[in-house]
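What follows is the residue order along each chain.
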Amino acid sequence: MPRFEVMHGNQAIAEGAIAAGCRFYAGYPITPSTEIAEILSDRLPEVDGVFVQMEDEIASMAAIIGASLGGTKSATATSGPGFSLMQENLGFAIGSEIPCVVINVQRVGPSTGLPTKAAQGDVMQARWGTHGDHPIIALSPGSVQDCFDLTVKAFEFSEKYRTPVIVLADAMVSALEERIAVPCTGELAVYERPRPTGSPQDYLPFAFTRGGVAPLAPFGEGYRYHVTGLLHDERGYPTEDSALASRWWEHMHSKIDDNLDDILLYEERHLDDAEVALIAYGGTAMAADRAVSLAREQGIRLGLLKLQTIWPFPEARVRALAQGCRRIIVPELNFGQLRAEIERVAAGATPVEGINKADGTQITPGEILEVVRRKTGPEA
Amino acid sequence: MSPALQLDATRTESWHVLMQVITSAVELDPRRRLPLVLTSLPELPEYAFDGPPISFIHGPPGRNIALAAGLRAALPATPLLLIMNADAVTLGMNHLIHAARRNMGMTLMILRAEVTDKVTRSVGKRTSWRVYGIQESIEKKATPLELATSLEAASVARGSLEDPGELARIVHESMLTPGFTMVGVTSASNLPTGRLSSTRLPEYFEAYRDWSRSLRERIAREQPPQGPMVIGTTDATATPRRHVPRYEVRIVGVGGQGVKLAGSVLGTAAGELEGLWTTQRGEYGSATRGGPSLVDVILGSERIGYPRADHPDVLVLLAAKSIERHAAGVKPGGHLIVDADRVDGTGATAIAVPMVRIAIEHTGKPLAAGIVALGCIAAVSDAVSLDALKTGIAHNLPERLAAANIAAMVAGYEQTRKVMEGNRHG
Numbered sequence: 007m008p009r010f011e012v013m014h015g016n017q018a019i020a021e022g023a024i025a026a027g028c029r030f031y032a033g034y035p036i037t038p039s040t041e042i043a044e045i046l047s048d049r050l051p052e053v054d055g056v057f058v059q060m061e062d063e064i065a066s067m068a069a070i071i072g073a074s075l076g077g078t079k080s081a082t083a084t085s086g087p088g089f090s091l092m093q094e095n096l097g098f099a100i101g102s103e104i105p106c107v108v109i110n111v112q113r114v115g116p117s118t119g120l121p122t123k124a125a126q127g128d129v130m131q132a133r134w135g136t137h138g139d140h141p142i143i144a145l146s147p148g149s150v151q152d153c154f155d156l157t158v159k160a161f162e163f164s165e166k167y168r169t170p171v172i173v174l175a176d177a178m179v180s181a182l183e184e185r186i187a188v189p190c191t192g193e194l195a196v197y198e199r200p201r202p203t204g205s206p207q208d209y210l211p212f213a214f215t216r217g218g219v220a221p222l223a224p225f226g227e228g229y230r231y232h233v234t235g236l237l238h239d240e241r242g243y244p245t246e247d248s249a250l251a252s253r254w255w256e257h258m259h260s261k262i263d264d265n266l267d268d269i270l271l272y273e274e275r276h277l278d279d280a281e282v283a284l285i286a287y288g289g290t291a292m293a294a295d296r297a298v299s300l301a302r303e304q305g306i307r308l309g310l311l312k313l314q315t316i317w318p319f320p321e322a323r324v325r326a327l328a329q330g331c332r333r334i335i336v337p338e339l340n341f342g343q344l345r346a347e348i349e350r351v352a353a354g355a356t357p358v359e360g361i362n363k364a365d366g367t368q369i370t371p372g373e374i375l376e377v378v379r380r381k382t383g384p385e386a
Numbered sequence: 004m005s006p007a008l009q010l011d012a013t014r015t016e017s018w019h020v021l022m023q024v025i026t027s028a029v030e031l032d033p034r035r036r037l038p039l040v041l042t043s044l045p046e047l048p049e050y051a052f053d054g055p056p057i058s059f060i061h062g063p064p065g066r067n068i069a070l071a072a073g074l075r076a077a078l079p080a081t082p083l084l085l086i087m088n089a090d091a092v093t094l095g096m097n098h099l100i101h102a103a104r105r106n107m108g109m110t111l112m113i114l115r116a117e118v119t120d121k122v123t124r125s126v127g128k129r130t131s132w133r134v135y136g137i138q139e140s141i142e143k144k145a146t147p148l149e150l151a152t153s154l155e156a157a158s159v160a161r162g163s164l165e166d167p168g169e170l171a172r173i174v175h176e177s178m179l180t181p182g183f184t185m186v187g188v189t190s191a192s193n194l195p196t197g198r199l200s201s202t203r204l205p206e207y208f209e210a211y212r213d214w215s216r217s218l219r220e221r222i223a224r225e226q227p228p229q230g231p232m233v234i235g236t237t238d239a240t241a242t243p244r245r246h247v248p249r250y251e252v253r254i255v256g257v258g259g260q261g262v263k264l265a266g267s268v269l270g271t272a273a274g275e276l277e278g279l280w281t282t283q284r285g286e287y288g289s290a291t292r293g294g295p296s297l298v299d300v301i302l303g304s305e306r307i308g309y310p311r312a313d314h315p316d317v318l319v320l321l322a323a324k325s326i327e328r329h330a331a332g333v334k335p336g337g338h339l340i341v342d343a344d345r346v347d348g349t350g351a352t353a354i355a356v357p358m359v360r361i362a363i364e365h366t367g368k369p370l371a372a373g374i375v376a377l378g379c380i381a382a383v384s385d386a387v388s389l390d391a392l393k394t395g396i397a398h399n400l401p402e403r404l405a406a407a408n409i410a411a412m413v414a415g416y417e418q419t420r421k422v423m424e425g426n427r428h429g
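Note that the protein sequences, when read in sequence, are chains A and B. The first sequence begins at 7 in the working numbering and counts up one residue at a time. The second sequence begins at 4 in the working numbering and counts up one residue at a time.
These are calculated hints, taken from the structure and not from any lab test. Source: prediction; values computed, not measured. Take the hints with a grain of salt, since some may be wrong.
Stated by the list, open to error - Where chain A lies over chain B, by a calculated footprint (3+ residues, C-beta under 8 Å):
1. 71-78
2. 160-173
3. 250-264
4. 330-341
5. 365-374
As the list claims (entries may be wrong) - Using 25 Å as the maximum straight-line C-alpha spacing, the simulated SDA-like pairs for lysine to any residue come out as follows:
6. A:363 with A:195
7. B:368 with B:334
8. B:334 with A:375
9. A:123 with B:295
Said to hold, decoys possible - Restraint-style ranges between C-beta atoms, simulated for each label pair:
10. A:218 with B:245: 27 to 37 Å
11. A:300 with B:403: 22 to 32 Å
12. A:217 with B:306: 29 to 39 Å
13. B:220 with A:37: 42 to 52 Å
14. B:287 with A:250: 36 to 46 Å
15. A:217 with B:245: 25 to 35 Å
16. B:248 with A:281: 42 to 52 Å
17. B:328 with A:122: 20 to 30 Å
18. A:354 with B:104: 22 to 32 Å
19. B:97 with A:213: 33 to 43 Å
20. B:49 with A:263: 28 to 38 Å
21. A:37 with B:54: 43 to 53 Å
Beta carbons: idealized from backbone N, C-alpha and C, even for Gly.
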């Protein structure tokens, strides 16, 4: 039986991390994510975890990778400017397949931007921020409940697929207080890192398995291995062999692409008979959800696809939706970062419109309805 | 006393010597604890196959020091040996400073220390990047050994690859020393080695944990925990006791009127005591006092979703700012409650209650005005009960303040009832 608590989004992220087994946090304070660090600095020692404020976000990202290599689930939280600094070590964790969770509570950028205002401008940075043609998982919470649930999921995916997972939150949900259901101790199925069982001599920490990953041995437990940011063989030693490199890429992409059924999370509302479909994520999904309620009261057949996983992009679901409705509208607090992806997938099937701004204000249900009416009314 | 280091005369390249130094340092340890080696030299592990089964991490340049910070937390007992090049004092310099300052348990070997060492001079050495040579640059050199000493690192030493036995002994002793230790390794000439500091300090994280524990215990002593919280409903289906359609509350005031606190109390009362779904969001200006302040609380027996009160069922105005904009949004049949002393001319439909005055009368401060507003809201709506609000106050305020705030809220409730009665008869 869950308990019900009123908490804000940053608190739900912190509590979700603790519930998922996170026992190490390294970070550097930055609005609007600072409460996550504040809460974990108090909560982690209670559960025998370690909190440390590092000298900057580069170091924070490095420290959580180190802790994870030591066998401890670890996370950091930041906002745009810090997320930019983390890209270097984020790439190291992706390439070396080290699980960790990076929470980015977005704010208006570029640079220092509007520190306290909500934005969704880091969608493409979450996808392509670090260099190289890497796979990534990014989840976007669209409520305080999502903040808790998706943080738990982020740890699960990071361990299961040995990859950093980005929780792409925004100030619309992080500062929102909401009553949420919190599982009690023992109620939550926590995904634990599998341990290798074979002999240390045969251990291949970076096995190029298709669609899966080798268990990662914590250092100091008898399994000797080498970790490098260089392209490596299955034992972890650097190589420039192009045949190995292409097998490595196949492994890296297939471990995500072969598991989309598990990784792609989304919620649907009134899509079965929708003439117009909204696709929304993060805090903007709350306004989209309200717009659907108001539209239905007025007899407008509006539906919502709320994306919780934004990377990898749920191509198949969006393509099916595009083939089944007359128009797709994408509200987001940026100038169309995910809309471009939706247009790519929906190409030829249905027109895609955006509702876009990044001025620090939020998109309201009224603004969405106005666009829906304009596009579906008699003059459309 | 140097260990008996069996140098393989056929392998004199510095990688091999360096790897033998590490091997020898491990063998000097009676417990033979294997260090985890973090290095910026991808070539090094290739020389490790004959030695003890050491694991290597080849992190991004300079970042090994910060990686080691996380490893130190996860593996408190494993010796961490960092073997770094000049990247320790370029990209890694800030990490180095902070690791030394915190005395985090790790041993950092900086190779080619002569490049960065104040003592040695290598004038005329040229690199492809700086044709005039590092030493002739107009920049001052980084001096990591002196820096670590000034930051009171647990030990700072210098050794040379030309005396591998002695270097192994230094590395071994450095690894035995708790805290941040540094070994500058030169490879061009023999230099005297010297321990500049031998302060023995506890490991950083143990110290941090002990410190935070004692801090929490002190806070707990100073603020004894309140009694167990009484939760109104904890049923798994989250079904509230009664049906409440989406109910939007907006309170507008200025900083210092307790608007945010009122939102938290209402959210707790409805969400944790009445078993309703709730959201609460605020807009606060950057000024703590005097700037505009707004809170939206939405209640209902179904999940809320969108958290803004664009069309409030009840709107409370504690200040005259933006009155037209906000008042226009009130839902038909909704209530507008205004501060009788601060907001006027809003027509016969407004309920005027001197909320700030009531707050000052009961608590001496305008900070309770938001709490008084909650009493007013309870008077016009049965979405949330006065009893739940009282408990909500007790949960959100220290005991010494709760009673006066509850009295202020009840006064707001009664005053609102009176005004409504008057409006009906007047």
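Hints, verified against the model:
| no. | hint | in the structure |
| --- | --- | --- |
| 1 | 71-78 | holds (count 8) |
| 2 | 160-173 | violated (count 0) |
| 3 | 250-264 | violated (count 0) |
| 4 | 330-341 | violated (count 0) |
| 5 | 365-374 | violated (count 0) |
| 6 | A:363 with A:195 | violated (39 Å) |
| 7 | B:368 with B:334 | violated (32 Å) |
| 8 | B:334 with A:375 | holds (18 Å) |
| 9 | A:123 with B:295 | holds (16 Å) |
| 10 | A:218 with B:245: 27 to 37 Å | violated (50 Å) |
| 11 | A:300 with B:403: 22 to 32 Å | violated (45 Å) |
| 12 | A:217 with B:306: 29 to 39 Å | holds (36 Å) |
| 13 | B:220 with A:37: 42 to 52 Å | violated (30 Å) |
| 14 | B:287 with A:250: 36 to 46 Å | violated (56 Å) |
| 15 | A:217 with B:245: 25 to 35 Å | violated (50 Å) |
| 16 | B:248 with A:281: 42 to 52 Å | violated (27 Å) |
| 17 | B:328 with A:122: 20 to 30 Å | holds (21 Å) |
| 18 | A:354 with B:104: 22 to 32 Å | violated (60 Å) |
| 19 | B:97 with A:213: 33 to 43 Å | holds (36 Å) |
| 20 | B:49 with A:263: 28 to 38 Å | holds (34 Å) |
| 21 | A:37 with B:54: 43 to 53 Å | holds (49 Å) |
In terms of the numbered hints stated before, the structure departs from hints 2, 3, 4, 5, 6, 7, 10, 11, 13, 14, 15, 16, 18, listed from lowest to highest.
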